[in-house]
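Numbers in our numbering are just positions in the sequence shown, counted from 1, shifted up by 668.
Hints should not be assumed to be uniformly reliable.
[As the list claims (entries may be wrong)] Below, simulated DSS-like cross-link-like pairs (lysine-lysine); rule was C-alpha separation at most 25 Å, straight line:
| # | residue 1 | residue 2 |
| --- | --- | --- |
| 1 | K799 | K732 |
| 2 | K800 | K896 |
| 3 | K896 | K739 |
| 4 | K739 | K799 |
| 5 | K896 | K747 |
| 6 | K800 | K747 |
| 7 | K732 | K747 |
| 8 | K800 | K732 |
| 9 | K732 | K896 |
| 10 | K896 | K811 |
[Claimed, not checked] Between beta-carbon pairs, the in silico distance windows are:
| # | residue 1 | residue 2 | range |
| --- | --- | --- | --- |
| 11 | D809 | G855 | 39 to 45 Å |
| 12 | G671 | K811 | 47 to 53 Å |
| 13 | V856 | M923 | 30 to 36 Å |
| 14 | E736 | G704 | 35 to 41 Å |
| 15 | N775 | A703 | 25 to 31 Å |
| 16 | G855 | K732 | 22 to 28 Å |
| 17 | G773 | M708 | 32 to 38 Å |
| 18 | F922 | A772 | 37 to 43 Å |
| 19 | A873 | K747 | 39 to 45 Å |
| 20 | I699 | N876 | 17 to 23 Å |
| 21 | N775 | S752 | 33 to 39 Å |
These are calculated hints, taken from the structure and not from any lab test.
Cβ atoms here follow ideal geometry from the backbone N, Cα and C, with glycine treated the same way.
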Amino acid sequence: MFGGLEIVAAFGGGVFGAAVGALPAFIMTGILVLAGFTDMAFGPWFGPHVAFAGGVAAAAFAAKNDLESGKDILTPLIKFNDGSILLVGGIFGAIGMAVQQFFAGINTPTDTVALTVAISGIAARLIFGEKKLFHGYSMPDGKTGLSLLVLGLGVGLISSYGSIATDNAVLGFGIAATSLIFVQIMGVGPVTHHIALPAALAAMAAGNIWIGGLFGIIGALLGDFFTKTMNEGNTHVDPPAFVIALLTLIVVLFM
């Protein structure tokens with residue numbers, strides 16, 4: 669069930685994620701997906717449950733002394749030259765690999781990478797940040813709500829089309845993850861991988877891009893919900909991971 673060598677390697681992946689920053693590591697995941705290196709993209713080096721999760725945990729730890737905010741997943745933490753920060757990233761990377769392998773080994777009916785990212789973020793919050801996990805939810809106003817609906821439908825449809833046309837369920841995910849480079853460089857940009865991936869999976873299961881569009885809308889709305897209820901604290905708990913895990917569970921169980 670467990671690949672000992674992969675877990676050891678994932679320590680290095682977590683260190684890498686902490687060194688370059690969680691979001692830059694995830695952008696590299698997207699680039700590797702587009703290049704066709706999916707084993708590398710979801711393995712012990714660049715797997716989100718390893719490099720991204722390690723970077724998230726390291727940022728939460730770094731906020732105790734060096735980093736201004738534990739929610740800062742953009743800053744490469746190597747800037748602080750603190751081995752303990754990198755060590756936290758490595759530990760969470762290795763644990764993330766072990767947890768994901770466990771879930772995969774027992775045939776958990778969802779995206780085990782996303783599930784592990786969600787759990788890792790919660791663990792980092794409880795260990796290094798405030799202990800409060802949930803915050804109140806406020807419905808989006810009309811303008812924001814319309815934006816979510818249109819974005820969800822649009823990304824859902826095009827990701828669904830791309831997945832069916834290429835027989836590649838993670839194509840839209842790769843594009844969405846890579847597009848986060850705009851957030852990294854400009855501080856603003858669309859976060860859509862939690863829309864693109866479930867939409868593609870649903871469309872391929874149903875053979876219908878309109879089903880993908882529907883899942884895209886649901887993904888966008890759920891992303892807003894988890895952002896407001898779970899990511900308002902002082903560390904990053906990844907809303908897209910919750911959405912992907914939940915919607916993939918629905919696809920696997922009911923489609």
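Evaluation of the provided hints:
no., hint, result
1, K799 <-> K732, "holds (14 Å)"
2, K800 <-> K896, "holds (13 Å)"
3, K896 <-> K739, "holds (14 Å)"
4, K739 <-> K799, "holds (15 Å)"
5, K896 <-> K747, "violated (30 Å)"
6, K800 <-> K747, "violated (29 Å)"
7, K732 <-> K747, "holds (15 Å)"
8, K800 <-> K732, "holds (17 Å)"
9, K732 <-> K896, "holds (23 Å)"
10, K896 <-> K811, "holds (17 Å)"
11, D809 <-> G855: 39 to 45 Å, "violated (22 Å)"
12, G671 <-> K811: 47 to 53 Å, "holds (48 Å)"
13, V856 <-> M923: 30 to 36 Å, "holds (34 Å)"
14, E736 <-> G704: 35 to 41 Å, "holds (38 Å)"
15, N775 <-> A703: 25 to 31 Å, "holds (29 Å)"
16, G855 <-> K732: 22 to 28 Å, "holds (25 Å)"
17, G773 <-> M708: 32 to 38 Å, "violated (21 Å)"
18, F922 <-> A772: 37 to 43 Å, "violated (21 Å)"
19, A873 <-> K747: 39 to 45 Å, "holds (44 Å)"
20, I699 <-> N876: 17 to 23 Å, "violated (30 Å)"
21, N775 <-> S752: 33 to 39 Å, "holds (37 Å)"
Comparing the model with each numbered hint stated earlier shows that hints 5, 6, 11, 17, 18, 20 do not hold.
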